Amino acid sequence: METFDLAAAPLRSLNAALHSLKGQETNRTEWEVLNPRGAHAVAAGVDAPVEIRVRGSTGYYCGGMNKQATIRIEGSAGPGVAENMMSGAVIIEGDASQYAGATGRGGLLVVKGSAASRCGISMKGIDIVVHGDIGHMSAFMAQSGRLVVLGDAGEALGDSLYEALIFVRGSVKSLGADCVEKEMRPEHLEMLEDLLRRGEAEGTARPEEFRRYGSARRLYTFSIDNASSY
Amino acid sequence: MCGIVGLFLKDASLEPRLGALLTDMLVTMTDRGPDSAGIAIYGRPEAGRARLTLQSANPEADFPGLADAVSRALGCEVSLRVKDTHALLELPADRLDAAREAALAARPGLKAMSAGERIEIYKEVGLPRDVARRFGLADMAGTHGIGHTRMATESAVTTMGAHPFSTGPDQCLVHNGSLSNHNSVRRELQRKGMAFETENDTEVAAAFISERMQAGESLGDALEATLKELDGFFTFVVGSRDGFGVVRDPIACNVAFGSEYRALATLPGIEAARVWEPEPATVYFWER
Chain B
1 METFDLAAAP LRSLNAALHS LKGQETNRTE WEVLNPRGAH AVAAGVDAPV
51 EIRVRGSTGY YCGGMNKQAT IRIEGSAGPG VAENMMSGAV IIEGDASQYA
101 GATGRGGLLV VKGSAASRCG ISMKGIDIVV HGDIGHMSAF MAQSGRLVVL
151 GDAGEALGDS LYEALIFVRG SVKSLGADCV EKEMRPEHLE MLEDLLRRGE
201 AEGTARPEEF RRYGSARRLY TFSIDNASSY
Chain F
1 MCGIVGLFLK DASLEPRLGA LLTDMLVTMT DRGPDSAGIA IYGRPEAGRA
51 RLTLQSANPE ADFPGLADAV SRALGCEVSL RVKDTHALLE LPADRLDAAR
101 EAALAARPGL KAMSAGERIE IYKEVGLPRD VARRFGLADM AGTHGIGHTR
151 MATESAVTTM GAHPFSTGPD QCLVHNGSLS NHNSVRRELQ RKGMAFETEN
201 DTEVAAAFIS ERMQAGESLG DALEATLKEL DGFFTFVVGS RDGFGVVRDP
251 IACNVAFGSE YRALATLPGI EAARVWEPEP ATVYFWER
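Line by line, the protein sequences are chains B and F. For the first sequence, our numbering gives the first residue as 1, with consecutive numbering after it. For the second sequence, our numbering gives the first residue as 1, with consecutive numbering after it.
Calculated directly from the structure, the hints in this document are not laboratory data. A hint or two may mislead.
[To be verified] Quick partial rundown of chain B residues pointing at chain F, CB under 7 Å, derived from the structure:
1. R37
2. G38
3. A41
4. G59
5. T70
6. P79
7. S97
8. G113
On a predicted model such as this, the values are computed, not experimentally measured, just so you know. A virtual CB, placed ideally from N, CA and C, is assigned to each residue, including glycine.
For reference, chain F alone in the conformation it holds in the complex:
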């Protein structure tokens, strides 16, 4: 089951409302995925700045003093905003990798959720309404975003098992369906040096795409490769710096993208909109 919602704004005047619109869509999808929820939201970039979101199982202990620790290690100014179990660090863009290393060295219990100039990922266990409230999703502005509500089938209900999964700078993946060859693909990727946090099948798909792109493939080619190498039922949505892409498996008998009109019913202008479904085994992109 699971629910995927995505919103790519073409009308800039709606950008302040992105979080609020996505929240309505996400909450509507609660009965497709009441276990956990997550969002990747893409804000307007600030020149020379980057964002890092970090998650902690013990935020009271991990977050105080973290900005100072990273700032000292990097020798530059770092700001930190705590949002429930997550913290958003903002820092100079050229120090992003160093900042992540410094943060994880200072607080070994932290998990890096996302890194990039625009992306922020927040995800937690619980009802989508509660997760959205804890992170203040409704107040976030941005150009595009992806949300996921999870009904777990392949692995435990944990924060790290929730979607979206980061696949690289300013990139993330959400998935509806289940993969049947994820264990063998995970073993191959581990041999190539990829690290895994969970037993989750989607994390394998995320690592698969990351590994391909690290080897020089484009996002489109990496998505095409999922059609050949990954077995199972899937609809993938990949968020990128400038938009998002969608691909459905060749059989495409899993739920279609765009099948839940309920989640679209609250959007401005939906009465006049044309709603359509992607073809199987075809990669689609919406980008600026």
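Looking at chain B on its own, in the form it has when it is part of the complex:
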């Protein structure tokens, strides 16, 4: 186990050490970060199949652009956690601030608590599992990937949605433009079962408790009849 104490050494040296693992054959596969105390960009830009445990709460952009790594935050995460993640996983034991998983292209983001506004905004392939609630404008312009919410969703869920799939177990305060409830088919139940298992929510929720939301596809292909909606 590599232990890195942010109270003793600067963030840049942590991130430089993690970045140096890219493309290397290494046995330094387990990392532990102490005293994050809300620091920004903790373990951002990692590109190596390593496991990183952050012992505390992080500030902006933790795990941003992550490739391959599994990053577990033993606290809460600030704005933009796992922003533009490519692959790997980011698991947050506490809550996540605004735009968690924004623009993510792949990998898995798990929030054990709740996520604030704009969770999964413009997501492009990432899977997100939130055990609690999500805030307003979540999955805005989401293009692909899956967003699973065990709790409730805030206002304007899935506004201007493209092809991302949204599953919510609780209530939805309001749906955004062009987002509609859709039929839950067997393949969706199967998909949910897998996501709940990988999202560490197996036993907490069952696939049949969820409703599915998706794009009505009236908005994103320009049509003159919809001009007032753009």
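Fit chain F to the given chain B structure using the hints.
For chain F alone, kept in the frame of chain B given last:
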């Protein structure tokens, strides 16, 4: 950008440490606002007494003899403590307005920063660490306080352009964001008789709230009205005699209140605390 920090103490045993806790939070927010910094700190009131903070660009000339001048004009005892470019006057509560008028008449270069039974506002240009040191913030006690670090976008980096802005007795406003219709709102408020010191957008928001309250609205209603009448990105924090209120604009894509865990990391008991963000277009109050 800008940084806002606020602390509302529920545990009275922490009151002697309010200034020290706020200083740590304020200094942590330096990279959100290195231009200038300010604080509004609310102390325990003393029966029948009030406080007036005054700022001078030329403290060596303005402050000596000021207490005597105000005391003579009012015919009552007035104490004065100089803190760098600011002076804190303490006097009988029923003479507060008269004291401000007397002070500004005796020294026309002075600016009134705050007035009330509990509030003291101090603000200056410079790094938050330096501003806090100049005013001795770390040694101040109190029940609650608000701090602001400024990264200027709308107007010049000046003392008067720093936050907090006074909005009335024991009241102040800090702002993160930028308003887009402040010029037209300022013109309307000027027609209603409000006076302005700067070209700053937040001063307009402060005057907007003051004018509404002078017309009889409650603080909550005045804050609700900002959501309708002010255009732009904003998170406002309003300090009042008994606590503070927060409101975010309806879109709320500016930084969230509570987004900077770094500023909270030094607080006692933070490991076990629940940290959350306010909803958009909703007014919140923490009061005693």
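Each hint, compared with the structure:
no.: 1; hint: R37; in the structure: holds (4 Å)
no.: 2; hint: G38; in the structure: holds (3 Å)
no.: 3; hint: A41; in the structure: violated (12 Å)
no.: 4; hint: G59; in the structure: holds (5 Å)
no.: 5; hint: T70; in the structure: violated (22 Å)
no.: 6; hint: P79; in the structure: holds (5 Å)
no.: 7; hint: S97; in the structure: holds (6 Å)
no.: 8; hint: G113; in the structure: violated (9 Å)
Violated hints for the displayed structure, listed by number in ascending order: 3, 5, 8.
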